[in-house]
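**Student:** This is what each chain is made of:
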Amino acid sequence: GAVVSQHPSWVICKSGTSVKIECRSLDFQATTMFWYRQFPKQSLMLMATSNEGSKATYEQGVEKDKFLINHASLTLSTLTVTSAHPEDSSFYICSARVAGPPTDTQYFGPGTRLTVL
Amino acid sequence: GQSLEQPSEVTAVEGAIVQINCTYQTSGFYGLSWYQQHDGGAPTFLSYNALDGLEETGRFSSFLSRSDSYGYLLLQELQMKDSASYFCAVQGTGGFKTIFGAGTRLFVKA
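The listed protein sequences derive, respectively, from chains A and B. Counting from 1 along the first sequence, just add 26 to a position and that's the residue number in my numbering. Just so you know, my numbering puts 81 at position 100 of the second sequence, and the rest follows in order with no gaps.
Just chain B, with the same shape it has in the complex:
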């Protein structure tokens, strides 16, 4: 089976840096993705890591270590609009279906 673990909640202040960790167990592995979802909205794609290392996209970066079955999402220069739920998601075997973690709710305070 497949499972993912990520913290349920994180609180940070505007301008700060926050890291959301994700560990996973999966039979087969193709990649780790991160999605952002605001209340009432649909998830939006943030990043995808298939290989070890850091991927940077503006204020957001994502890291993957395949040997440790671990990844993280790094959000820099936090803004109030970053308050949302963040999901890590893993693609294992079986048609590239994606299984989502339970999500981390990020609260950004002034």
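Isolated chain A (complex conformation):
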């Protein structure tokens, strides 16, 4: 199946710093990638939809200036958490969409666990 990688897998940073997370589709091109956040024992919350070559579409309540998304190529999308604070600590997961037929599938990266001190 399609493989999506994320880097880094975990990161610890000080409050006020910025952190960049990369999401790559390794063996296919993804015109659409999604960024999710997941708190422990909770569901995946969609943060934004990232389309190659255009601005990301953010979900309601997600701060565009705080979570910067860039999708510069068909295989790479990045999420930058700017001026991170402890409440931003979470599991961030990206996915890449592979459109059908007969199915429409998202392949998830392994996730990045962010801890802000």
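Take these hints with a grain of salt, some might be off.
Quick look at which bits of chain B chain A covers, simulated, 3 or more residues with Cβ under 8 Å [as the list claims (entries may be wrong)]: (1) -7 to 2; (2) 38 to 49.
Partner residues aside, some chain A positions facing chain B, computed with beta carbon under 7 Å [as the list claims (entries may be wrong)]: (3) S69; (4) L70; (5) Y84; (6) Q86; (7) T131; (8) P136; (9) G137.
Note that these hints are calculated values from the structure, not bench results. These figures come from a predicted structure and were not determined experimentally. Using N, Cα and C, we set each Cβ at its ideal position, and we do this for glycine too.
Put chain B on the given structure of chain A with help from the hints.
**Tutor:** Relative to the frame of chain A, chain B by itself:
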């Protein structure tokens, strides 16, 4: 808006069959997906239903009724390794984005 409902927890024994139901409300509908997630890991794709009926993949099957806005995931011959969280997810309008349910935590006991 879009919302999904699924049970929070299900417990079953090895070798048994378990069904996890999912009802949804969405503006527009393209398909219902199911994902499995083990603790600390990323979700993995299990199945996708765009049309009514049953899709079978090995021990797992998924069913969809568009008229009832309802689907279920059926797991047969349960194994201990099936203990995980299972999410139903719906694709509505707006760029095929996928919205996830709250997840069902499945505990498989010996």
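**Student:** The structure should be examined with respect to each hint, and the outcome stated for every one.
**Tutor:** Quick rundown of the hints versus the structure:
1. -7 to 2: violated (count 0)
2. 38 to 49: violated (count 0)
3. S69: holds, 5 Å
4. L70: Holds, about 5 Å.
5. Y84: violated, 11 Å
6. Q86: violated, 10 Å
7. T131: holds, 5 Å
8. P136: holds, 5 Å
9. G137: holds, 5 Å
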